[in-house]
Structure formats: structure tokens, C-alpha cells
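Produce the entire structure from the sequences given, and follow the hints as far as they go.
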Amino acid sequence: MPKIEGRNPVYEALRGKRRIHRIFIQEGISAEVIDNILKLAAEKNIPISRISARKLDESARSHAHQGVIAEADSLPEYGLADIIEIKKNKEGDSLVVILDEIKDPHNFGAVIRTAYAAGADAVVYQDRRAVGITPIVLKAAAGAAEHIPLVKVSNINYAIRDLKEAHFWIAGADAAAEQTHFEADLSGSVGLVIGSEGSGLRRLVRENCDFLVKIPMEGELGSLNASVAAAIIIYEIFRQHGEDIS
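Numbers in this note's numbering are just positions in the sequence shown, counted from 1, shifted up by 37.
Read the hints as simulated data drawn from the structure, not as lab findings.
Where is the CB? At the ideal position from N, CA and C, for every residue including glycine.
Please note that a few of the clues may not be correct.
[Claimed, not checked] Computed list of lysine to any residue pairs in SDA-like fashion (alpha-carbon distance at most 25 Å, straight line):
| no. | residue 1 | residue 2 |
| --- | --- | --- |
| 1 | LYS76 | ASP119 |
| 2 | LYS201 | ALA179 |
| 3 | LYS189 | LYS76 |
| 4 | LYS140 | LEU241 |
| 5 | LYS124 | LYS140 |
| 6 | LYS76 | GLU108 |
| 7 | LYS189 | LEU117 |
[Claimed, not checked] Computed spacing ranges between beta-carbons, pair by pair:
| no. | residue 1 | residue 2 | range |
| --- | --- | --- | --- |
| 8 | GLY53 | GLU220 | 34 to 42 Å |
| 9 | LYS81 | ARG276 | 36 to 44 Å |
| 10 | GLU220 | SER89 | 51 to 59 Å |
And the structure:
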């Protein structure tokens with residue numbers, strides 16, 4: 038059974054839509070968020086078990102459970118068709134963040150967190166040669182994964198094709214791009230593609246983008262961390278969309 042680890046991830050899961058079967062809380066700990074977890078669990082008739090720190094450590098799949106672990110159903114499954122339908126019914130422009138072979142769970146989780154905070158419609162990720170939805174990813178997302186659709190696809194290029202057919206512009210983040218993210222026209226509905234930590238966008242993915250953007254940088258660093266780069270460009274897209282993100 039899937040596990041959710043960490044105080045905020047468990048709290049946000051309780052606020053979300055998926056079913057929580059049981060929550061394990063370390064004996065002797067207290068905090069405001071723990072009180073909130075206990076209150077929501079009581080309202081939903083979810084059993085609580087107080088167990089030792091040793092037993093929690095043995096049960097955990099990450100090293101940052103913060104004294105709280107929940108057993109839950111898997112996150113709701115979304116397909117690309119669901120996201121396209123959201124766009125059709127939405128006023129204003131859409132943003133979908135597309136991850137090309139992101140392997141670091143902390144990067145994946147951080148992108149989910151930023152995408153949700155900025156109001157993106159979904160995060161698309163690959164089902165192979167990339168990290169999946171793990172407890173570490175959920176912990177890094179700080180509960181955001183409970184509130185934004187996560188779409189697993191078998192082929193990023195096919196996903197790009199389908200989004201183009203739904204009238205998305207596809208922008209790829211690439212350090213070798215000719216224009217910066219400030220110079221690019223990022224109005225309209227956008228699919229932003231972020232490449233892997235080591236090698237960036239794959240060749241065919243890069244070629245399938247409508248255009249590429251780079252982040253202007255001083256010094257000798259070749260690129261930024263994938264989640265940092267994603268955050269910078271995501272907020273420029275929303276600035277150009279005219280969103281109020283103050």
C-alpha cells in the first residue's frame with residue numbers, strides 16, 4: 038500500500054481527495070500540524086496509531102518522515118485527455134509542465150510544488166528512465182501532489198504532439214537557446230519542457246519544441262538545477278499570462 042511520509046504531505050493528503058486508511062504518529066511528539074492532522078483524521082474516522090520512533094523508522098521509505106506516516110490509496114490517475122479537457126473549459130491560458138527524464142526525486146517534487154503554487158494545470162512525466170511518484174517525491178512536493186494532476190505518459194514526444202494539437206505552444210528550456218525566457222513570447226497556452234539534470238533535453242524532444250528559451254546567467258555555470266530553472270520560467274510564463282501572483 039502506498040505511504041505518505043512527513044507532516045505537511047499527510048496533512049495535505051487529508052485535505053485532498055484520496056482515501057487515507059491509517060495514520061501512524063510517533064509517540065510523544067506534538068505540534069500544531071499534528072493537532073490539525075488528528076482533527077481531520079477524527080472528522081473522517083481514520084484510525085490513528087501511536088508507535089515508537091524505531092518502528093516508524095523501520096516502516097519509512099524515506100529518511101524524513103517527521104514522525105508521521107499514512108497508508109493511503111494511490112494518487113488519482115489522470116490522462117493527457119483530462120488535461121486537454123481542463124484547457125477547453127478554462128477561461129484564460131493554460132500551463133502544463135513536462136518533465137523529460139527527470140531522475141532526481143527532490144527535483145521532481147520541487148517542480149510539482151512550484152507548478153501547483155503558480156497555478157499550473159498539470160505536471161507530465163515519463164513512466165520509464167525517470168523517477169516515479171515515491172515517498173521522497175511526495176515529501177519534496179510538500180503536499181502539492183494532492184492538488185495538481187500528475188500525468189504519467191509512455192512517450193514525451195507523443196505527449197508534445199497531442200498538446201500541440203490542442204493548441205499549446207511547446208517551449209523547451211535549453212541553455213543553448215538563442216532567446217531568453219524574458220525575450221520569448223510565452224503568451225497563450227504553453228507546455229514547458231524541462232530536461233534531465235545531467236544532459237538536458239533529448240535531441241528529438243528539443244526538435245519537437247516550437248521554440249527554446251534560456252535563463253540569462255552570469256559567471257561560468259552552464260546551467261541551473263532543473264527545479265530552479267523550472268521555477269524561474271514558470272513564473273515568467275504566468276507574468277506574461279497576466280496572472281496575479283503577488
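Hint check:
For the suggested pair LYS76 and ASP119, the alpha carbons sit about 33 Å apart, so the restraint of at most 25 Å is broken. As the CA atoms of LYS201 and ALA179 are separated by approximately 31 Å, the hinted pair breaks the 25 Å bound. Among the hinted pairs, LYS189 with LYS76 is inconsistent with the structure: their alpha-carbon atoms are about 33 Å apart, more than 25 Å. Taking the CA atoms of LYS140 and LEU241, the gap is near 19 Å; set against the 25 Å cutoff, the hint holds.
With a C-alpha separation of about 28 Å, the suggested pair LYS124 and LYS140 falls outside the 25 Å cut-off, and the hint is violated. Only pairs whose Cα atoms come within 25 Å are accepted, and LYS76 paired with GLU108 is accepted, the gap being roughly 17 Å. Restraint check for LYS189 and LEU117: the C-alpha separation of about 8 Å stays at or below 25 Å, so the hint holds. At roughly 38 Å, the beta-carbon separation of GLY53 and GLU220 lies within the given 34 to 42 Å, and the hint holds.
A hinted range of 36 to 44 Å for the beta carbons of LYS81 and ARG276 is consistent with their spacing of about 39 Å. Distance hint check: the CB atoms of GLU220 and SER89 are about 57 Å apart, consistent with the given range 51 to 59 Å.
Hints 1, 2, 3 and 5, counting from the list given before, are not met by this structure.
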